[in-house]
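Student: Knowing the structure of chain A, use the given hints to seat chains B, C and D with the ligands on it.
Chain by chain, the residues:
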Amino acid sequence: MFCYDIKYMSQLYSFVKQQLAYQRRSAGLELDIGTIMQNNYWVNIYSKRKMSLKELKLIANRIRRRDLRAVFEAGAGHIGGEMSVIDILTALYFDVMNVDPDAPLNPNRDRLILSKGHTALALYIALSERGFIPKDEISTYFKPRSRLSGHPDCNKVPGIETNTGPLGHGLPVGVGMAMAAKLSNAAWRTFVITGDGEMQEGSNWEAVMAAAQFRLDNLTLIIDHNRLQQGARLAETNNLAPLAPKLGVFGWAVEEIDGHDLKAICEALSPETVASGRPKCVVAHTNKGRGISYMTDNVAWHHKVPNAKQVELGMAELEAEARTGEPDP
Amino acid sequence: MFCYDIKYMSQLYSFVKQQLAYQRRSAGLELDIGTIMQNNYWVNIYSKRKMSLKELKLIANRIRRRDLRAVFEAGAGHIGGEMSVIDILTALYFDVMNVDPDAPLNPNRDRLILSKGHTALALYIALSERGFIPKDEISTYFKPRSRLSGHPDCNKVPGIETNTGPLGHGLPVGVGMAMAAKLSNAAWRTFVITGDGEMQEGSNWEAVMAAAQFRLDNLTLIIDHNRLQQGARLAETNNLAPLAPKLGVFGWAVEEIDGHDLKAICEALSPETVASGRPKCVVAHTNKGRGISYMTDNVAWHHKVPNAKQVELGMAELEAEARTGEPDP
Amino acid sequence: MNFRTNAGELHDCRDAFTSTLEAMAAQNTNIVVVCSDSVGSSKLGGFRERWPERLINVGIAEQNLVGVGAGLANGGTLPFVCAASCFLTGRALEQIKADIAYSNANVKLCGISSGMAYGELGPTHHSTEDFAWIRAIPNMAVVAPADRIETTAATEWAAAYDGPVFLRLSRVGVPDLLPEGHRFELGKANMLRDGTDLTIIANGTVTHRAVHAAEDLAAKGIEARVLNMATVRPIDEDAIAEAACDTGAIVTCEEHTIHGGLGGAVAEVVVESAPVPVKRLGVPGIFAPTGSANFLLDEFGMSPAGIAESAIELLKKKA
Amino acid sequence: MNFRTNAGELHDCRDAFTSTLEAMAAQNTNIVVVCSDSVGSSKLGGFRERWPERLINVGIAEQNLVGVGAGLANGGTLPFVCAASCFLTGRALEQIKADIAYSNANVKLCGISSGMAYGELGPTHHSTEDFAWIRAIPNMAVVAPADRIETTAATEWAAAYDGPVFLRLSRVGVPDLLPEGHRFELGKANMLRDGTDLTIIANGTVTHRAVHAAEDLAAKGIEARVLNMATVRPIDEDAIAEAACDTGAIVTCEEHTIHGGLGGAVAEVVVESAPVPVKRLGVPGIFAPTGSANFLLDEFGMSPAGIAESAIELLKKKA
Ligand SMILES: Cc1ncc(C[n+]2csc(CCOP(=O)(O)OP(=O)(O)O)c2C)c(N)n1
Ligand SMILES: Cc1ncc(C[n+]2csc(CCOP(=O)(O)OP(=O)(O)O)c2C)c(N)n1
Ligand SMILES: [Mg+2]
Ligand SMILES: [Mg+2]
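Protein chains in written order, with this note's numbering: chain A, 1 to 329; chain B, 330 to 658; chain C, 659 to 977; chain D, 978 to 1296.
Bear in mind the hints are in silico, worked out from the structure with no lab data behind them. Please note that the accuracy of each hint is not assured.
DEER-style ranges, computed between Cβ atoms [unchecked claim]:
no.	chain 1	residue 1	chain 2	residue 2	range
1	D	1171	C	903	28 to 36 Å
2	A	103	C	684	30 to 38 Å
3	D	1003	A	248	41 to 49 Å
4	A	103	C	843	33 to 41 Å
5	A	239	D	1053	22 to 30 Å
6	A	236	B	404	51 to 59 Å
7	B	622	C	686	53 to 61 Å
8	C	711	A	135	53 to 61 Å
9	D	1022	A	143	25 to 33 Å
Everything numeric in this text was worked out from a predicted model, so none of it was measured. Yeah, the Cβ is synthetic: ideal placement off N, Cα and C, and Gly gets one too.
Okay, chain A solo, but in the shape it has when bound (with noise of 0.2 Å):
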């Protein structure tokens, strides 16, 4: 059985053997588990206690800075959105999930979804500094056979539930988790965060219908609200804005926040703030770009790398917002 594959697999990828079913999941990942616990030193701090806003802006910055210099190191990457969506990554994994980097898969733990893939990075980050992946794991990112690729690969790595990349997969997907959490009466939480653009997927809109329909409240959607997508604005190339009354209209709780203020996302997705029986949608207000002056609200940098100088210029904006607690203007 598949046995072509496995004599062609076993030679030359020894992970590969994880896509096929002859193998839990599980299995992959505790070899992975090990790894962690050695190079984890962030996991007894942050399972033990609430951070403090300070704190959490400190390691949005600091993932921030490792983002800029990966994108430049691996000479790829999908920076504009990485530098949006960060600080909802942060407010994620340090303050609102209940998520244990030594039990990945314990059944009880919050899911999220990074639809919009194509900023997978910010993600390994985030896991990277969440413990769930060694932190100099980072440095492969985009190199050959490593498993932090272009987009997220949940068999190879821990923290990610489902594989992302194709935009308004996530959504549909965050609705059959919810619907299993309902099914069993579990009290775990489903979060998805799509791209503004990625909501012109139709499949999004599906889910958007369904998870109404099944009064699915343990469900978040987090819309990536900066105003671009890959090639233009959303305004020149499909206007979705504003977003949240076409959120209401089909039967969601929509709250508009600043998607860069950590304590307005934290609250926002706190567990007090959800609308009994309708599933919720955060539509952040962000900045493409956001933390990096020249890459700031500019298209260009959908997926544009930094050369040396640029990389200077953007560390030194980070750097003294690390110091002063705010971006430069």
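Tutor: This is chains B, C and D with the ligands only, laid out in the frame that chain A set:
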């Protein structure tokens, strides 16, 4: 080229050759036009003058009666959705649309896409009443090798613009048609009819966004809002009602009408009621199975086939309506 | 031992599928069903009555259907995703690739009314490309049972198997072929009849036609082996190579286009293991005309007589 | 006459595609382009600058993309629908089947960055099932040009051809192989090199690798014929049958899964015309790991040396 295909087919089905790219669609249709001319006593009348409301009602009634008989004879059809869409089809073919059975490919014709292609039988009958195909051909519906199969085939049947059957295909194609008219500054209009259950398909919402973005005021979507889908009511499955605010929030001009009031349909579809720069959606409130009391608003009749007794009953009701001009209560 | 067909009794395999599903669901509360306004066509009314909350109907939205299936599996349930095969595969193919296969979600995709079961509804409703579409995707098991008994066996197997499955089912009536109690093994062909002159490889609704053809051929003194190749991916390379070596010629029959389906999979193995003449029967690369599945199968040369004729023709090419 | 590769200069065939498209659009005002937020990746910036109103960007919505293409064709324009091949094919497959192929819409579907051009972006972005997916659909012409020159020729041909086309393009740099001024003929293979010992059949980005392999083999005294099989549907049955008869063994190479693609199409013809041993090279039925297209092609045995090695191995099986 394609030689293995052609070799096989020419022995068996000469009409299937039309599928091959070597032949123009029109070549296939010329043959049919000849046949049509002999059978067609409506063309001269309809193409020359405006019909009265009474005449329209009689045509709709005649289409209903033919539909009921055809479903019984073929042992197949989607009678519920056929009955609900017949008034809309009647208004389009006998009042609103600029089409000519003598020149079904006239570049300046108005286009209609019956996106809820499962109700093709109603379309075939409307086309036969309007002179596009011989009336007696309706008896071939669903028969082996018939060109009148369960879903419409634009390469075989004149007057059909694109093949439908899988739900959610018509509106995107309609957006393309309307764009083509805009590109050439042509005055022809595009009409798309979808089911209400069909609007659960995400592909429709992609097209909804695009039509608004492109300001396609030459595009009209008519939603046959009969509140039932295949297996249950919309409300029990995936409740899109109310539809009007959903289309409205995406930037469409929306009008709600009684989808069995021929005067209201004709008015809602008349060019005068178009809002410049906005695509128009007519939410036509209809009844599935309309005209036959035991079918009306009954989900069982999505594609059930009536028995002889039921046909008799239905026919009596429809005949009574023809006399009085109003359906039985 | 030759399996004989009993053309007298024809069974709609959906009944075997849903009754097996219900029997399993009564034992295994993790089993859920996901459908897209396809309760009736998937014969899920009974399931819905017994476990309304475990029957998740997403409406007419196949992309969401498959995505929801993936999410349900992640959340610890065992989802059977049921919809007309043409829409399930064609409309949600990228979801099948990314959310199910590549994510290795333990989801059972059940393509109902596959092939030309919706013959008269026209090519939009013919699912005659699904073998080619799904078997191109890594990590998918593709299975098309031949009768009621194998449908039960394959459905039970699918629930036990830990990985993505595409079960290709039909509503077209077929006689019993396999012995009661038959157990399904992934990637393993069943020899329904042995023979030395050639091999007929078939699956799904055309398998009994192949067996009939072999009986007709036997009456003419030609001994055909018949392989029921229910698994299209991973294909049983050994059985095919053996058939090629032992019998020297192969006819494939499928309710599917001849471009890239079962015949294609067989051809791929034959040329790499033991090149012998093969004749592929199926839909010959055209959009089929209107007609019932059985009418169309006959038209496309897959009546028992048609298959036998192709076999005799092929024997002339045998080295 | 043997075509020789000039590995010195590599060309991104998207440039040939868009410059040809622009040249044609300047003459033929019916030509329009439809894309899905894919102006940059399809290199359509120049087209947009010259004819902004004829560049229709539907946003990130591939189903709508293909439907809009069909509608534009109905309305009298000649649409080139351009998007990343993985999304164009996988996300809109039913639209391709129903709106384009079955409706016989005169639409040119241009799958950009096909194969593993997006190697490092992972399998969701690898379009290594598209041959299998699209060639299963009746009435589709499936064409994968090998170089800059053939890309130009195929693009010109597509505009003139009256019917649905899937043009499979890449961004991976390739050297020139065909002579300047080459004209494309649908369903006709080009012999890039003649030989008697075996035939290598390839297309798209791996064609030049096949030519190199043949040169390597020649140095070892093995004469390989090389066929550039740009058309996958309808496949050139005569050229394949001839190659099988003349050379007795065939290696196929493609930037695609080995299940149902070019190799599958070749195997189907070989077993029905002249059964000889075939070795299919391609992505071996797995989700590929991270890496550039060229890295992965090498890994999967399609370096010139790898192809030559497979050829030598195959010769042992030759009758
Ligand atoms: C189905 C699909 N179509 C196209 C793409 C290519 N693509 C990658 S990112 C992107 C733009 C996304 O824009 P948005 O969702 O706004 O994300 P962000 O601005 O956060 O980067 C596109 C079109 C894709 N990944 N998937
Ligand atoms: C993509 C797709 N999924 C499923 C079906 C099967 N189907 C045919 S009709 C129908 C119900 C349609 O309901 P609605 O759109 O409300 O039409 P109507 O009530 O007018 O019949 C379904 C699910 C289909 N034809 N296409
Ligand atoms: Mg954005
Ligand atoms: Mg309805």
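Student: All the hints need checking, so say for each whether the structure fits it.
Tutor: For each hint, the structure was consulted:
1. Range check, residue 1171 (chain D) to residue 903 (chain C): Cβ separation about 33 Å, and the 28 to 36 Å hint holds.
2. Restraint check, residue 103 (chain A) to residue 684 (chain C): a C-beta distance of roughly 32 Å satisfies the suggested window 30 to 38 Å.
3. Taking the beta carbon of each, residue 1003 (chain D) and residue 248 (chain A) are about 47 Å apart, inside 41 to 49 Å as hinted.
4. The supplied range of 33 to 41 Å is met by residue 103 (chain A) and residue 843 (chain C), whose beta-carbon atoms lie about 35 Å from each other.
5. Take residue 239 (chain A) and residue 1053 (chain D): their Cβ atoms lie about 28 Å apart, and the range 22 to 30 Å holds.
6. Take residue 236 (chain A) and residue 404 (chain B): their Cβ atoms lie about 53 Å apart, and the range 51 to 59 Å holds.
7. A beta carbon spacing of about 45 Å between residue 622 (chain B) and residue 686 (chain C) contradicts the range 53 to 61 Å that was offered as a hint.
8. Separation of residue 711 (chain C) from residue 135 (chain A) is about 44 Å and departs from the stated range, judged on CB atoms against 53 to 61 Å.
9. Between residue 1022 (chain D) and residue 143 (chain A) the CB atoms are about 30 Å apart, so this pair conforms to the stated range of 25 to 33 Å.
Hint compliance for this structure: hints 7, 8 are not met, and every other hint is.
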